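Read off the chains here:
There are 2 protein chains.
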Amino acid sequence: MVRYVGVKHATGLVASVGIERFIIGLAQYIEDDFRRWPQFEKSARIASHSADGVIELMPASDGELYGFKYVNGHPINTRRGLSTVTAFGVLSDVSTGYPLLLSEMTVLTALRTAATSALAAKHLARKDSRVMAIIGLGAQSEFQAIAFKALLGIRHLRVFDSDPAATEKFVDNLERLGFAIDVAASSADAVIGADIITTVTADKTNATVLSDNMVGAGVHLNAVGGDCPGKTELQRDVLLRSDVFVEFPEQTRIEGEIQQMGPDFPVTELWQVITGEAPGRRSAKQITLFDSVGFAIEDFSTLRYVYDQTQGTGFYSDLDLLAEPSDPKDLFGMLSRPAQQTSRPLLAAVEA
Amino acid sequence: MVRYVGVKHATGLVASVGIERFIIGLAQYIEDDFRRWPQFEKSARIASHSADGVIELMPASDGELYGFKYVNGHPINTRRGLSTVTAFGVLSDVSTGYPLLLSEMTVLTALRTAATSALAAKHLARKDSRVMAIIGLGAQSEFQAIAFKALLGIRHLRVFDSDPAATEKFVDNLERLGFAIDVAASSADAVIGADIITTVTADKTNATVLSDNMVGAGVHLNAVGGDCPGKTELQRDVLLRSDVFVEFPEQTRIEGEIQQMGPDFPVTELWQVITGEAPGRRSAKQITLFDSVGFAIEDFSTLRYVYDQTQGTGFYSDLDLLAEPSDPKDLFGMLSRPAQQTSRPLLAAVEA
Chain B
14 MVRYVGVKHA TGLVASVGIE RFIIGLAQYI EDDFRRWPQF EKSARIASHS ADGVIELMPA
74 SDGELYGFKY VNGHPINTRR GLSTVTAFGV LSDVSTGYPL LLSEMTVLTA LRTAATSALA
134 AKHLARKDSR VMAIIGLGAQ SEFQAIAFKA LLGIRHLRVF DSDPAATEKF VDNLERLGFA
194 IDVAASSADA VIGADIITTV TADKTNATVL SDNMVGAGVH LNAVGGDCPG KTELQRDVLL
254 RSDVFVEFPE QTRIEGEIQQ MGPDFPVTEL WQVITGEAPG RRSAKQITLF DSVGFAIEDF
314 STLRYVYDQT QGTGFYSDLD LLAEPSDPKD LFGMLSRPAQ QTSRPLLAAV EA
Chain P
14 MVRYVGVKHA TGLVASVGIE RFIIGLAQYI EDDFRRWPQF EKSARIASHS ADGVIELMPA
74 SDGELYGFKY VNGHPINTRR GLSTVTAFGV LSDVSTGYPL LLSEMTVLTA LRTAATSALA
134 AKHLARKDSR VMAIIGLGAQ SEFQAIAFKA LLGIRHLRVF DSDPAATEKF VDNLERLGFA
194 IDVAASSADA VIGADIITTV TADKTNATVL SDNMVGAGVH LNAVGGDCPG KTELQRDVLL
254 RSDVFVEFPE QTRIEGEIQQ MGPDFPVTEL WQVITGEAPG RRSAKQITLF DSVGFAIEDF
314 STLRYVYDQT QGTGFYSDLD LLAEPSDPKD LFGMLSRPAQ QTSRPLLAAV EA
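If you're matching them up, the sequences are chains B and P in order. So the number in my numbering is just where the residue sits in the first sequence, counting from 1, plus 13. So the number in my numbering is just where the residue sits in the second sequence, counting from 1, plus 13.
A portion of the hints provided could be inaccurate.
Put simply, identical chains are the same to the list, so a pair is met inside one copy or across any two.
Stated by the list, open to error - Taking lysine to aspartate or glutamate and the EDC-like style, the derived pairs with C-alpha atoms no more than 16 Å apart in a straight line are:
| id | residue 1 | residue 2 |
| --- | --- | --- |
| 1 | Lys-135 | Asp-340 |
| 2 | Lys-217 | Asp-321 |
| 3 | Lys-21 | Glu-188 |
| 4 | Lys-298 | Asp-185 |
| 5 | Lys-21 | Asp-331 |
| 6 | Lys-21 | Glu-263 |
| 7 | Lys-298 | Glu-33 |
| 8 | Lys-298 | Asp-141 |
| 9 | Lys-21 | Asp-333 |
| 10 | Lys-55 | Asp-75 |
No wet-lab data here; the hints were simulated from the structure. All figures in this text were calculated on a predicted structure; none of them were measured in a lab.
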């Protein structure tokens, strides 16, 4: 049997643990896996592009466990009342090839993206950061806010979205959770006084959510929304003034803000900052930029975490996804056993 | 909700339809998709190799539907009482990126492999073929026999396996199904008088299941077992005397019997024989060889077929694999709804 964690299980688990504690635990799993980055088999995601969006497979393995995520990205979906992103993932035992866990990952992707952003900021933002601007108040925004509260103690938010309904939803969702929220009149207004700026808009265009004049010395930029070819948020000049940190350069050069730059534009891999092999922030005046696109190892960590967290709980059910013949050489024999769903035995149905 | 077809559903469906009728219908879907081969987005499978085996992802899309299969191959598993191959697959709507179907594919892979073999033989074997030799009587063997009966009317089998228990299992499974089965004393004995020779052994070695002197004029070879690097069944000289037909050359040159040959060894793509763009068998003396490795489009066809066949039946259940927030921008709101599995609402669990 394969452990199945559906949407109800996942939301129930998060509620049971508490969302901040869940994100703190998840960030720890991600950090642990980033520390052993060279052990992983890594590849850029395998994308199938179409007119309306993309479907991707994101595999990763540490040699003992194998994980992959299926995820789509269809910005047009919100106009149809559907989600831009849906996702699920599978964790398997490398030694047998058998799947152990099948889990929804729409909710979990939002949590792991936020956990990774906050983990990067923990290593890159000024330690005295108190105020975060968030530009773009769609599906990912609340998760970002809560992760930065959980990992960095950020309680003061300055937020902007061109859609008043999205802004109202954001404030409604978070006002009871201990945040001071300033609703700004524009992106330029939102970033005033911010120590950290999170950009997380959804439009698939080369947008200028942040222009160069909006970014002051010492700021940490958490650029989440620019995550596929043709979808960026930052003016090119911002990148030229920043030290840029990435997950997996081969993927980020195609999908991230740095798709605007040449193939030799200097970047630092986040895992090397975490292990101490590369410097992170070196001065209070430096602009640090985490060019987040989301990498398969973060999903691998999430699947590991969910597998461990659901152990011994009621937040999963069992799926008969594995054919387990009593004799492995006798797969056919499974078909001649009386099937539960039919009264016609197989052999009678074969026209001899 | 995503339609879920587990092992019990799949075996129940096959029993309900009848295995021969099921294979005939499946072969028709595969043939239909081979006929429109150029419409597909194709790639060699994405493999993660380890000491004991391999885990692979096999995606394909026709621009309207997207499918992928997860499949492992661990020959060592039978010694552990586990299956060499387990598999599952997903079919999605390209326009939304939403999964439509999640299905077990261990049983279905055996059926689609056999259906593809018989489909190839229908186009390549002599029309007067009556006798098939099968060498290797493991999990795939009965499916091959039944597919060749269903599509080509083959009822006379000459079979060999070095494992007497596997042989006994094969005869037990098939003797009531209208076959005349000769159990041979060796591979060389099995092929005597055979019009079609199916090799479907499991060992991951460069084996010589068929040597050159065993293959007479006019035979069709259905080489199923040689399907990954370092795993072949035919002596090189057999290939030199044969006209070789393949699924997707880029993949077969790595995984098939032709891994023994140079990169320019001539092959014909099976889909071109089916559409009439390339010749198949041209004489009764010619040796034709289908170098089967299994390609993603066959799994895509299988998922399409299972989706259509389960429609309106009880052979599936619904999985809550998709987070469907009432407002797509309010994914977070799903977490604050009272979850069914917990009595603690999320907001109370957040340490404000």
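Structure versus earlier hints - violations, ascending order: 1, 2, 3, 4, 6, 7
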